[in-house]
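In order, the protein sequence lines correspond to chains A and B. Our numbering puts the first sequence at residues 392 to 898. Our numbering puts the second sequence at residues 18 to 370.
The hints are simulated quantities; they were obtained by calculation from the structure and are not laboratory data. Just so you know, these numbers come straight off a predicted model, no measurement behind them.
Covered, in the sense of this in silico footprint (three residues per stretch, anywhere, with C-beta under 8 Å from a C-beta of chain B), are these stretches of chain A: (1) 698 to 708; (2) 737 to 743; (3) 766 to 772.
Derived contacts from chain B toward chain A, CB cut-off under 10 Å, selection only: (4) 233; (5) 236; (6) 237.
Computed list of chain B residues with no C-beta within reach of chain A, every gap over 12 Å: (7) 42; (8) 123; (9) 161; (10) 186; (11) 201; (12) 338.
Beta carbons are placed, not taken as given, at the ideal position from N, Cα and C, and that holds for glycine.
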Amino acid sequence: MTSAAPPAIECRGITKRFGHVLANDAVDLVVHRGSIHGVIGENGAGKSTLMAILHGFYPADSGEILVDGRKVSIDDSADAARLGIEMVHQHFMLVEPFRVVENVMLGAEGGALLKHGEAEARAALKRLAEEYGLAVDPDARVEDLPVGARQRVEILKALYRGAEVLILDEPTGVLTPQEADDLFRVLRALRDEGKAIILITHKLREVMAVTDRVSVMRGGKMVAHRETSETSAAELGELMIGRRPAAAQRPAPSAPGPEILAVEDLRVRDNAGVERVRGVSLALHAGEILGIAGVAGNGQTELLEAVSGMRAPESGTVRLRGEPITGLDAAALRRLGLAHVPEDRLRHGLIPEFEACESAILGYHGDPAWRRFLGLVSGRKVEAHAARLMRENDVRPALPRLRSSLFSGGNQQKLILAREMEREPDVLLVGQPTRGVDIGGIEAIHERLRGWRRAGKAVLLVSVELDEILALSDRILVIFDGRIVGELPGGAADERRLGLLMAGAAA
Amino acid sequence: MNRELPRWADLALLPALNLLLALGVSALVVLAAGESPAAALQALAIGSFGSWDSVGYTLFYATDMAFAGLAVAIAFKCGLFNIGVEGQAAIGGLGLALVMLGLDSTLPAALVVILAVAAGALAGAAYGAIPGWLQARRGSHVVITTIMFNFIAASLLVYLLVNVLIEPGQMAPETRRFAVGLPPLSDFGFPGRSPVNLALPLALLAALAVWVLVWRTPWGYGLRVVGSNPDAAAYAGIDQGRRIIAAMAISGALAAGIAVNELLGSQDKLILNFTGGAGFTGIAVALMGRNHPVGVLLAALLFGALAQGGAELAFEMPDLPRETVMVVQGLVILFTGALGALFRAPLSRLLGA
Chain A
392 MTSAAPPAIE
402 CRGITKRFGH
412 VLANDAVDLV
422 VHRGSIHGVI
432 GENGAGKSTL
442 MAILHGFYPA
452 DSGEILVDGR
462 KVSIDDSADA
472 ARLGIEMVHQ
482 HFMLVEPFRV
492 VENVMLGAEG
502 GALLKHGEAE
512 ARAALKRLAE
522 EYGLAVDPDA
532 RVEDLPVGAR
542 QRVEILKALY
552 RGAEVLILDE
562 PTGVLTPQEA
572 DDLFRVLRAL
582 RDEGKAIILI
592 THKLREVMAV
602 TDRVSVMRGG
612 KMVAHRETSE
622 TSAAELGELM
632 IGRRPAAAQR
642 PAPSAPGPEI
652 LAVEDLRVRD
662 NAGVERVRGV
672 SLALHAGEIL
682 GIAGVAGNGQ
692 TELLEAVSGM
702 RAPESGTVRL
712 RGEPITGLDA
722 AALRRLGLAH
732 VPEDRLRHGL
742 IPEFEACESA
752 ILGYHGDPAW
762 RRFLGLVSGR
772 KVEAHAARLM
782 RENDVRPALP
792 RLRSSLFSGG
802 NQQKLILARE
812 MEREPDVLLV
822 GQPTRGVDIG
832 GIEAIHERLR
842 GWRRAGKAVL
852 LVSVELDEIL
862 ALSDRILVIF
872 DGRIVGELPG
882 GAADERRLGL
892 LMAGAAA
Chain B
18 MNRELPRWAD
28 LALLPALNLL
38 LALGVSALVV
48 LAAGESPAAA
58 LQALAIGSFG
68 SWDSVGYTLF
78 YATDMAFAGL
88 AVAIAFKCGL
98 FNIGVEGQAA
108 IGGLGLALVM
118 LGLDSTLPAA
128 LVVILAVAAG
138 ALAGAAYGAI
148 PGWLQARRGS
158 HVVITTIMFN
168 FIAASLLVYL
178 LVNVLIEPGQ
188 MAPETRRFAV
198 GLPPLSDFGF
208 PGRSPVNLAL
218 PLALLAALAV
228 WVLVWRTPWG
238 YGLRVVGSNP
248 DAAAYAGIDQ
258 GRRIIAAMAI
268 SGALAAGIAV
278 NELLGSQDKL
288 ILNFTGGAGF
298 TGIAVALMGR
308 NHPVGVLLAA
318 LLFGALAQGG
328 AELAFEMPDL
338 PRETVMVVQG
348 LVILFTGALG
358 ALFRAPLSRL
368 LGA
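Please model the entire structure based on the sequences and the hints provided.
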């Protein structure tokens, strides 16, 4: 690569170790001005670690960073900001009750009184909106804005602080395809202004659509750099997982048994009182995996919470084997044979600060199996139970007394699945079963769910990963804006049609 | 990054370092007041453990601290910051005193004492459960309500002692003396003369009961889930509101232990402000004891020693302003309780955890 100007960012031999995990192993990366540079890799490949180092969140153990050809040290995000490196996080760092203009000024208030800074920010917002097509009402409250607009506020914030290098971490995860297209238009405009954009993602389609160059990480190492025009999604996919991907596995047609779970006209409000599920009806049969596809935030979370007994629905009925179970709490539902692997394992699935063996009885803590005289809980029995679950389900490390938070995401998930499947419930509700799980773990979890279906059990699967829905579901329901907008057979689902339905574009 | 400290460092080294720092700063305060820190420390040590009498007083104060610390700790385990131990102890004392005043001359001594303890615990529990209910069902934050309830309890006690329960013909706002009380430990062979009484073994039993309840029953498991992560409680089907109300009730009942120790064990009557601030010190005791019964008992012993040794220190060094002793006690609370995590980060770096 010959270029007159030095690259905006150059990383040389960045190495970072967490305990005995080598998160970044001598990573090199060169990003030029006026380009959109994709950094791709599976979960846990080390992308986020590298970006965190670039943004000064933690120091590298070794290696150096050059900005515009000069060696720099980035100790915190203030250093990064001085060097023009700004990051748009996957989870937005916005003060929700504040107005847009106040959020944009945050950290750049400009003096003791806000008035002056606000005028300046307002002017800048106007200019940026015109320059890049980033229009947001400066006086709107962030909490009232849709997700796509919030992301624009994050980008505006970065630009207002003088970003020359903009890092976006999985920016489309929460966006509809329409919003994602808007985002890409903005990114192209920024590139044409000479900014350097780093796009972290694991979605190959996006990389092919929007980047100029792409770097692939795997297992903490940088395994390849490519010009986007000279590569293909197939090649990148291979580089990412280190082998040719198995032809997308589709489930064989099932012979579903009797209806076991029925949801009728369910309506659910979230904590803020917004109706997130607006009249959903569905039927789940024994021996089938029913997939609920949809972009995150379209009501699938609340649907799962209501069916699992975590949240009381506004109206509607849920029946298990014909018996109404609406409004029963999660403990009662478990006793009736309806188990739940929650979407958010750290918030719901386990207690991070509890020992693993204690997390392994969450929801089943009243079970007589670990009681002894006087009904007291026996620590030894709880520990033995967890040790057995860990052995049988290959949870590593197999240390029941280790704190739950110290296990990797995949191993936490394996433990939760083991706990929920141990009682052989007839119905298993599963939310985002492989979020944050490495690729080996994903296959193991998918195999368990398929085995479950073969054993004649019913699975209701909610996932925002289209590939996961396609790989597992016998039938697919698409949820959009709190309503089921379409049903497709699993084996032969048309991905394009599915995508359109998820975007709310087709009836 | 959330680093892990080894267990021994977390439970022993860290509190020890905090205590040392508190004593170090206290030494500077004493020095500034023109006295010798070494002599002051000696007076403190001898004052709290130098004789059987002082050991007895230390244990007597430690009993208050243990009940208060346990009360704060069990609420903490449910994620609640109970600042109302003072008020719950006061109302507990009221319940206890009403039973004593009504029945102490009609029923056998042992029975009336047991009834009085039960009534105190019940009254304290009820007074704790109300803020718990307000939190669970009406969303009124328990920190705010328990503070308010302290004032209500104090005012109620003043009103009753001045207008209703006062011993006829007396000026002091106190009830008449109870005919019976909890026997002092000296009746059972404890040496020296001090008010330490049967409330001490009761406190030890309470600590054991709290441990069993919180760590060894499914109910306590649910309590800890609610305290660590209310969302996970909903996932597990644990009724958060009921746990909150119950935890506050138990907390209030434990707070009433202060009344048992002070009123039945020592004063033999209901007086104003008998808690002497123990309810607030209990917050520091619970913090230092890491909300674990064993830790709470150890911290209670320390704070009991400070209370007793501090009194002796004021006596031994009359030139030392009385307030200095309170400053020393305050510093220990500050460094062991509120700033308890001060050394956590450097220590974990040092130990390479």
